[in-house]
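Participant: If you read the protein sequences in the order shown, they are chains U and X. Counting the first sequence from 1 gives a position; our numbering is that position plus 931. Counting the second sequence from 1 gives a position; our numbering is that position plus 931.
Honestly, I wouldn't trust all of these hints.
[To be verified] Here are the simulated DSSO-like cross-link-like pairs (lysine-lysine), alpha carbons at most 30 Å apart as the crow flies:
id, chain 1, residue 1, chain 2, residue 2
1, X, Lys964, X, Lys993
2, U, Lys964, U, Lys993
3, X, Lys993, U, Lys964
4, X, Lys993, U, Lys993
5, U, Lys993, X, Lys964
[What the hints assert, rightly or not] Here chain U is said to cover these stretches of chain X; the calculated rule only asks that three of the stretch's residues, wherever they fall, bring their Cβ under 8 Å from a Cβ of chain U:
id, stretch
6, 953-962
7, 989-999
8, 1095-1107
9, 1124-1132
For the record, the hints were derived by calculation from the structure and aren't laboratory data. Ideal placement from N, C-alpha and C gives every residue a C-beta, glycine not left out.
2 protein chains.
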Amino acid sequence: MMSQSADLEAVRSYHHGDLRRAILESTLEIIDKQGLEAVSLRAVARRLGVSEAAPYHHFSGKQELLAVLAADAYRSFGECLTTAVGSAADDPFARLNALARAYIEYGLESRGRYRLMFGNHMVDLGEYEEVQVAGRPTRAILESVIAGCVGSAKVDAAAIENISWSLCHGLTSLIGESEIVFDGGSGDGERLIEVGISILIAGIRAHLGLPAAS
Amino acid sequence: MMSQSADLEAVRSYHHGDLRRAILESTLEIIDKQGLEAVSLRAVARRLGVSEAAPYHHFSGKQELLAVLAADAYRSFGECLTTAVGSAADDPFARLNALARAYIEYGLESRGRYRLMFGNHMVDLGEYEEVQVAGRPTRAILESVIAGCVGSAKVDAAAIENISWSLCHGLTSLIGESEIVFDGGSGDGERLIEVGISILIAGIRAHLGLPAAS
DNA sequence: ATGGTATCTAAGCGGTGTTCAGATTGCAAG
DNA sequence: CTTGCAATCTGAACACCGCTTAGATACCAT
Chain U
932 MMSQSADLEA VRSYHHGDLR RAILESTLEI IDKQGLEAVS LRAVARRLGV SEAAPYHHFS
992 GKQELLAVLA ADAYRSFGEC LTTAVGSAAD DPFARLNALA RAYIEYGLES RGRYRLMFGN
1052 HMVDLGEYEE VQVAGRPTRA ILESVIAGCV GSAKVDAAAI ENISWSLCHG LTSLIGESEI
1112 VFDGGSGDGE RLIEVGISIL IAGIRAHLGL PAAS
Chain X
932 MMSQSADLEA VRSYHHGDLR RAILESTLEI IDKQGLEAVS LRAVARRLGV SEAAPYHHFS
992 GKQELLAVLA ADAYRSFGEC LTTAVGSAAD DPFARLNALA RAYIEYGLES RGRYRLMFGN
1052 HMVDLGEYEE VQVAGRPTRA ILESVIAGCV GSAKVDAAAI ENISWSLCHG LTSLIGESEI
1112 VFDGGSGDGE RLIEVGISIL IAGIRAHLGL PAAS
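Go ahead and model the full structure; you've got the sequences and the hints to work with.
Facilitator: Following this line, the structure appears as structure tokens:
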């Protein structure tokens, strides 16, 4: 009997057979296809042919369900960034370039997941420790990349990290959500990303007292 | 009789006496005090001692109400930015500095209004012409400031505009919403703003081929 | 005074998140 | 194998929400 393995929670199969997992998958599908706002516990339950109260036996509520999915998203996001940085040239700023590109591209490709992690919705993700834990390695990548750029310079590396993060987040939001105040025919997101990262890196280099060229 | 002035819509006073305006004020108060998500047409109506269906005689629905308030917010936001730029030193990058500071500070002080304009909620603000019109001058400020920085250089000014906007938006979000992935004890938002703008300006200068100092 | 129009109300539709008592089922111990 | 516990699921309900409709009410210009 393989019932001993508790962490292999795929075995849970009572009346429905692996609800929880089905709920997670179904909800993620809705997030990807119809967007974050379209998620509704009742609808998910209905779609799975199960009572509308059933999900509450696997999640304390909608917030927790979304928090679990957010933690998943953080993990996959982190892996994506790690891969990108790993396959970049062996140069600190080339790594930063790859990191920023990967960040923005992930955010544009997986808008729903991205908004789940960084969007402003009712959920206080920060209150779920699982989410915090899942997000920490992602942050660590950024820290190591920036540490490489900063080298032994005496500057506030954390500030540079947050600024890099901010620019990526801002660009992703601007391109992805096409906010108002976005008229200039510069609809070319690709160029925007390129120039944005270039300006970021040039700014950091200047801030560190490094010469302009690579 | 002062009934001829139609644009002075404060005179509208039937059963309740200036509902519409009361709804707008009450909703704005909720946005400021309890946040955007706490807005509910029914609650507003109840709070004003009026039927829960009454608001629908002044707004086609919740979306339109929020769109009207968003347009207001854009106007006040634009005025704030204009003032800041106007009282800055007569130098292109000093103006950009003032603009960015004013942007971020407004976003941090008026989080509710800021999220109404730039947050991700159910409302498609872009579909309301009034919002577009109200946002255009705000964009124009940015355009003129960046135009001053760019001068006669042959670069894509619109891209630089959008990147500046993105960094401001990203920083505002990061500091204001304290997203996850924000552990570094660099809780000093003031320093973050300072370094952020400094890096942005240095990056733009480098992108334009200008020397580092001012 | 009268008619039209703007305004407001009451009631209702369908949707949501959530809770609760009770029915059902699987599993493990006796 | 039976018994009992605990996990799982259901049906009904509560309190909200946005929105619509039919009808009552009040104002204003004629």
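Participant: All the hints need checking, so say for each whether the structure fits it.
Facilitator: For each hint, the structure was consulted:
no.: 1; hint: X:Lys964 to X:Lys993; in the structure: holds (18 Å)
no.: 2; hint: U:Lys964 to U:Lys993; in the structure: holds (18 Å)
no.: 3; hint: X:Lys993 to U:Lys964; in the structure: holds (25 Å)
no.: 4; hint: X:Lys993 to U:Lys993; in the structure: holds (23 Å)
no.: 5; hint: U:Lys993 to X:Lys964; in the structure: holds (25 Å)
no.: 6; hint: 953-962; in the structure: violated (count 0)
no.: 7; hint: 989-999; in the structure: violated (count 0)
no.: 8; hint: 1095-1107; in the structure: holds (count 9)
no.: 9; hint: 1124-1132; in the structure: holds (count 6)
In this structure, the hints that do not hold are numbers 6, 7, in rising order.
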